[in-house]
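Let's have the full structure, built from the sequences with the hints guiding it.
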Amino acid sequence: MKLDIVISGVGGQGSVLASRALARAAMESGLAVRTSEVIGMAQREGPVTSHIRMGDRLYGAIIPDRAADFLLGLELAETVRGLIKLKPGGTVIASLSAIVPVSVELGISKYDKDTLIQYLIEQNEKVFFLDLEELSRQSGHPRTGNAVMLGALSAFPGLPFKPEQLLRSLLSYLPQSLAEINRRAFEIGRRAVEVTLNDIN
Amino acid sequence: MSLKLLMGNEAIAYGAAEAGVQVACAYPGTPSSEILETLAALAREKGFYAEWSVNEKAALEVAAGASYAGARALAAMKQVGLNAASDPLMSLAYIGVKGGLVIVVADDPGPHSSQTEQDTRKFAQFAKLPVLDPATPAEAREMVKYAFELSENLLLPVILRPTTRTCHACQDIEFTDGAAPARPLTGFEKNQNWTIFPSLSARKHVWLNQQQEKARELFEKAEFNQLSIDSSNIGIIACGVSYNYVREALQLSGLKASVLKIGTPYPLPRGPVLELFRKAGKILVVEEQEPVVEDQVIALAWQNRLTVPISGKNDRTVPREGELNVDRVRAIIDKFCGREPAGPEAAPAPAPELPARPPVLCAGCPHRASFYIFKDAARGTDAVFTGDIGCYTLGAMAPLAAVDTCLCMGASITIATGLNRVEPDRRQVAFLGDSTFFHSGLTGLINAVYNSANITVVILDNCTTAMTGHQPHPGLKQTAMGPARTSVDIAGLVKACGVEYVRVVDPYDLKAARQAAEEALSRPGPSVVIMKRECATLAKKGRRRTINLKKCLNCSLCIGKLGCPAIRKGSGGPEISAKCFGCGVCAQICPAGAIEAAGQE
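Chains S and D, in that order, are what the protein sequence lines are.
So in our numbering, the last spot in the first sequence is 201, and the numbers never skip.
So in our numbering, the last spot in the second sequence is 802, and the numbers never skip.
One thing to keep in mind: the hints can contain errors.
What the hints assert, rightly or not - Stretches of chain D that chain S covers, calculated by requiring three or more beta carbons in the stretch to come under 8 Å of a beta carbon on chain S:
{"hint": "1", "region": "559-570"}
{"hint": "2", "region": "718-732"}
As the list claims (entries may be wrong) - Ranges of calculated distance between the beta carbons of each label pair, as one might list FRET restraints:
{"hint": "3", "chain 1": "S", "residue 1": "I121", "chain 2": "D", "residue 2": "V705", "range": "50 to 60 Å"}
{"hint": "4", "chain 1": "D", "residue 1": "I430", "chain 2": "S", "residue 2": "G158", "range": "30 to 40 Å"}
{"hint": "5", "chain 1": "D", "residue 1": "G743", "chain 2": "S", "residue 2": "A179", "range": "24 to 34 Å"}
{"hint": "6", "chain 1": "S", "residue 1": "I121", "chain 2": "D", "residue 2": "G743", "range": "53 to 63 Å"}
{"hint": "7", "chain 1": "D", "residue 1": "D605", "chain 2": "S", "residue 2": "S29", "range": "52 to 62 Å"}
{"hint": "8", "chain 1": "S", "residue 1": "M1", "chain 2": "D", "residue 2": "A552", "range": "25 to 35 Å"}
{"hint": "9", "chain 1": "S", "residue 1": "E122", "chain 2": "D", "residue 2": "A713", "range": "31 to 41 Å"}
{"hint": "10", "chain 1": "S", "residue 1": "I84", "chain 2": "D", "residue 2": "G388", "range": "57 to 67 Å"}
{"hint": "11", "chain 1": "D", "residue 1": "V705", "chain 2": "S", "residue 2": "S29", "range": "53 to 63 Å"}
Said to hold, decoys possible - Listed below are the simulated DMTMM-like cross-link pairs for lysine to aspartate or glutamate, each with C-alpha atoms no more than 20 Å apart in a straight line:
{"hint": "12", "chain 1": "S", "residue 1": "K110", "chain 2": "D", "residue 2": "E554"}
{"hint": "13", "chain 1": "D", "residue 1": "K770", "chain 2": "S", "residue 2": "E133"}
{"hint": "14", "chain 1": "S", "residue 1": "K162", "chain 2": "D", "residue 2": "E776"}
{"hint": "15", "chain 1": "D", "residue 1": "K205", "chain 2": "S", "residue 2": "D56"}
{"hint": "16", "chain 1": "D", "residue 1": "K696", "chain 2": "D", "residue 2": "D707"}
{"hint": "17", "chain 1": "S", "residue 1": "K113", "chain 2": "D", "residue 2": "D707"}
{"hint": "18", "chain 1": "D", "residue 1": "K770", "chain 2": "S", "residue 2": "D114"}
{"hint": "19", "chain 1": "D", "residue 1": "K205", "chain 2": "S", "residue 2": "E28"}
{"hint": "20", "chain 1": "D", "residue 1": "K770", "chain 2": "S", "residue 2": "D112"}
What the hints contain is simulated information worked out from the structure, not anything from laboratory work.
Note that the structure is predicted; figures quoted are calculated from it, not measured.
From the three backbone atoms N, C-alpha and C, an ideal C-beta is built for every residue, glycine too.
Here it is as structure tokens:
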């Protein structure tokens, strides 16, 4: 058993917390785990990539290029930036929500949402889009995108842990007061993918 | 027995606690900060002392004092911090220690959040101190325990040098719960050997050199160095995290090699290296940053009249800059073995243009207002803005572009002073944070006052050390271990240094703050403005602002002057998103009064 997952997003979206939740769920299933991320100048608004590796035998914490089984994209442009990590035939779960950087507002760079979506579809057989902004709003809190994303991942077959295990692991990192909202967000994400998966089958 | 998911920095802290550390000191710096954060959280329960020191020099000196009294002590910092602590470090090698003293210095190849890519192993070699280089968080924890023993064995400080990929990697680690054995304190014993005099240094230098060989012998048996022999002709020596990349690259490429894992890069043990020489027809040394292991391997080969070819950094097989990873190492090994480098299978089509996403000051960050105010107040003059290390270095980004220089911690004031000597008619404005002021700004301020520099110093007091994760400092009634009885008043301290013009203002109050800025800029001699407002990530949000498009002139000043991530161009005019912190600074610069508090008519 070996599973490599990459989460890409923007500082402040909770990708580091999501990576810890995944690692702990895998640990409970008896797998060795490694996670890695770089923090520092990118605390807020900068690009953040978290690597989560689980398996029987692991070396480093960084996933080689074109080796990840899943790419979880919490932000659209960052999903495209993270695509180099996904293995051929790997699965992308991508947020349709854009977090437009200040550089675009100042006219220094460009953010073309439609082109990015089109590119993701053309490059990947298995790409699932989520309206993360809308789905997290439905949960009752705008900042539950990471929980929605973990819920979405949990709907896929072949993971080394059950959805309940992943949810429990996520909640263990959160204060009790946020448990209900995150439980809901996780379910919303899970259902969103289940519907699509059923349509395919 | 329990299983924990621990970050490398947490693992180091747990290792120190398990080894019975009694005093732990640090100044925060990415990627090292979580070491003391974790130790501080454990301190009361485990009965040891932990502090955030004002800088790394202070941290090492406090730890050294504790060690003189027989305690096990730890000082943690990032690689650049060791530069500040280098003065005590070099002398401490000669003086030696009593209780185990471990210096954890986190290196940042890449560099992801540092001013330099310097290699602490070189510093260890320079200071003649043994250094350990962990490959994983679990190994880092074991190395800390070993390092305390080694330090007491050799009577020398020992350096543990993890890199970002160990500090900020997480791993499942097994624990046997149980308290560290209590270590009786022997106390400080007066002795001439604690006082460094030239005659003592001369004697101790001989001893220090002898300890190098003693350390090397101990490392011969250290479990952190492991040789695995393969029938292949290829030999690879890998140090620290590079070992992981080598193992995984071999697995991916299917190539065979004998691999020597080195966890003790200086002084390098000879036995396992010579054994590898006997087995391999050619050798590749893989390590990040400088050729510390490689140069020692080459010297060893020469001393032993061995002619086995050695590749690495000296023949440019391995890059000397930047961080390694599996892909880079795989390409290196392929090339070394005479294989075509494996290209990525089915390379993806080139991605469309992606937006640049440089780090920016947060929505509501008080520093944004401070930079805006000083830029505005200095408009029309050719004032130079010298910057420093902290969140506010991001003031260099567009559209503020308010940082003209940045060198190292505390240098904003001294660089401004130096510029002022050459260009006395130009105004120099130095910006630095509250924690940085205590770290090493104060000395520069005293120097500026004493030598009558015509500069303005702006202390951006956001009541925390924000960039590294909100550690406390002497200006707050808070220490690493909890509430403090007293704090140091920055304004009072500045006045006591002899600065005549000192003002404390709220940067959210643009009018009052601008007046203080103008006065400070027009005064001769050094003037100080303290821009005091709590960090936006710690403070409670204010009332959200919205833009009344009926009043909006669409002049784009709010976007073009502030660069706040909460303001964006909408289809009908500028919009304020849910990220708005409610600082109200944009409302104060809007010429049409179109920015209102949400809910207001």
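Evaluated hints:
{"no.": "1", "hint": "559-570", "result": "holds (count 4)"}
{"no.": "2", "hint": "718-732", "result": "violated (count 0)"}
{"no.": "3", "hint": "S:I121 x D:V705: 50 to 60 Å", "result": "holds (56 Å)"}
{"no.": "4", "hint": "D:I430 x S:G158: 30 to 40 Å", "result": "holds (37 Å)"}
{"no.": "5", "hint": "D:G743 x S:A179: 24 to 34 Å", "result": "holds (28 Å)"}
{"no.": "6", "hint": "S:I121 x D:G743: 53 to 63 Å", "result": "violated (42 Å)"}
{"no.": "7", "hint": "D:D605 x S:S29: 52 to 62 Å", "result": "holds (54 Å)"}
{"no.": "8", "hint": "S:M1 x D:A552: 25 to 35 Å", "result": "holds (31 Å)"}
{"no.": "9", "hint": "S:E122 x D:A713: 31 to 41 Å", "result": "violated (56 Å)"}
{"no.": "10", "hint": "S:I84 x D:G388: 57 to 67 Å", "result": "holds (58 Å)"}
{"no.": "11", "hint": "D:V705 x S:S29: 53 to 63 Å", "result": "holds (56 Å)"}
{"no.": "12", "hint": "S:K110 x D:E554", "result": "holds (7 Å)"}
{"no.": "13", "hint": "D:K770 x S:E133", "result": "holds (19 Å)"}
{"no.": "14", "hint": "S:K162 x D:E776", "result": "violated (42 Å)"}
{"no.": "15", "hint": "D:K205 x S:D56", "result": "holds (17 Å)"}
{"no.": "16", "hint": "D:K696 x D:D707", "result": "holds (19 Å)"}
{"no.": "17", "hint": "S:K113 x D:D707", "result": "violated (40 Å)"}
{"no.": "18", "hint": "D:K770 x S:D114", "result": "holds (18 Å)"}
{"no.": "19", "hint": "D:K205 x S:E28", "result": "holds (10 Å)"}
{"no.": "20", "hint": "D:K770 x S:D112", "result": "holds (14 Å)"}
Checked against the numbered hints given earlier, this structure breaks hints 2, 6, 9, 14, 17; the rest are met.
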